[in-house]
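Colleague: For the protein sequence lines, the chains are A and B, in the order given. At the far end of the first sequence sits residue 792, using the working numbering, and the numbering has no gaps. At the far end of the second sequence sits residue 237, using the working numbering, and the numbering has no gaps.
Output of the computed footprint for chain B on chain A, the stretches with three or more beta carbons under 8 angstroms from beta carbons of chain B:
id, stretch
1, 563-576
2, 584-597
3, 632-640
Partial selection, computed: residues in chain A whose CB lies under 10 angstroms from chain B:
id, residue
4, Ala-546
5, Thr-547
6, Pro-579
7, Trp-581
8, Asn-600
9, Trp-601
10, Phe-603
11, Tyr-604
12, Tyr-607
13, Ile-610
These are computed hints drawn from the structure, not numbers from a lab. From a predicted model like this one, the values you see are computed outputs, not experimental measurements. For glycine and all other residues, C-beta sits at the position ideal for the given N, C-alpha and C.
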Amino acid sequence: MRYRDCSKCDSSHLPQNETVTLDGEVYCNKCYQEVYSDKVLAQGMVAYTDFDPTVCATCGTDAGSMILSENFGRPICDDCAKKLKDKIMPLWVKAFFAAIIAIVVFSFFYNWRFYQSYSNIKKANAAFAKGDYEKATAYAKDASEEVPELEELKGIKSFYKGVFLLIKDKSVEALEELRNSKRVLQDNVAIDNLINKAKMGVGFDSKNYELFLAAAKENVELDTANAQAFVAVASAYSCIYVDKGQDSAKKFAYEYAQKALALDSTDKDIKEYANLVDYRISNKTIIKHDDFIKHFPNGWTKK
Amino acid sequence: MFFIPGQIISLLSFPGIIVHEFAHLLFCRLRKVAILDVCYFRFDNPAGYVIHERTDNFYTTFLVSMGPFFVNTLLCLLICLPAYMPIKFFDIEHPLSYGLIWLGVSIGMHAIPSNQDASNIYEQAKEKVKERNILALISFPLVGIIYVFNLLRFFWVDVIYGVAIGIGIPSLIFG
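Based on the provided sequences and hints, a complete structural model is requested.
Modeller: Now the structure itself:
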């Protein structure tokens, strides 16, 4: 233990921890309280207890002349240091935080696939909106593989793939994918419409024009204000007329084409298909829409 | 709204209390403030505490008192983030995800400093504001918010805060 004398009164040999230091001068507690404490507060001066480095500030143990280690400026004996260390960061708290960190890190890795899948779904939707159906299919496939337990993602992948195959004129494969999609996504008018379009394609490609007609009529029932649906029926009837020579088919072909034009006379596709129907009937030739456009890019006129 | 005794709430959300006290301790360490005693969790009121040496440094007082707000809020978000996507977006229920949500929200619930912490800030802000200290100026409404928040704990506003951070913020980010 170290001792000091008060600079003001006769008190001497005071334990250092019972003195106050002010402006470099040492005072006993009594002198400090009576004379200086108010002045210190009023004038913003700094007074402090200069801890005796040989006395533990926690338990008061006198270490004689040995200087103790410090705990943020306060001398502390080894026993108190150990107790404080154990109290501040006991083993169970360390284990608690280690467990939290382990769980969080594990979860990030374990659940990362969900974030990847989410990102791929966003990319798939963006690509689909832009009309890049091939990319949309690829992203949707990745999204589905990352979360295989979610059937809905498989349905979305099949939907995008079905649309892509439909655009590529691969009606049979498109129909299979769209049917897979419907099984998962269920009641969805958009999928039903596309399934009918795939059936129309299958019917046309296999020269099963009754199937073509049935599917086209289903689309009309789904949306009676859809001009494209009406012109598809007209197209089917024109094929039946050319194939079987039925006058009723010819009549219905023209009727449905007129209905389509009545619903929308400005749409380029509708006008092209109506023109195609007229061409087929007039020339008794079944020709695909793409081939018709190649031959007659400015439309066909009856001579 | 129904009343649940504080001790049951403490038991159900004990990770938040531990992290709250740890946050005070962390900032004490960072600002070199001596720690005299710590209790991370107990079945009493308060459920935890940190006793540290007094400091006249306003920034230190502010950081030590507001420590839980920063640490608990950040941890709540980090813990809930991996759990958010499978549950909210993919509707996939997994015990790990629900466990993480509980852990995150219980930590977030205890992000707001206590009235004692607010009082510590207020006492020093009163003096510092005379020096036109901006942080001291900001502290007054902050202290008011803390007091109001602690008053509204009866109406589960602490749970609402935890959910807002753990689930609300990821919802805003990921839609």
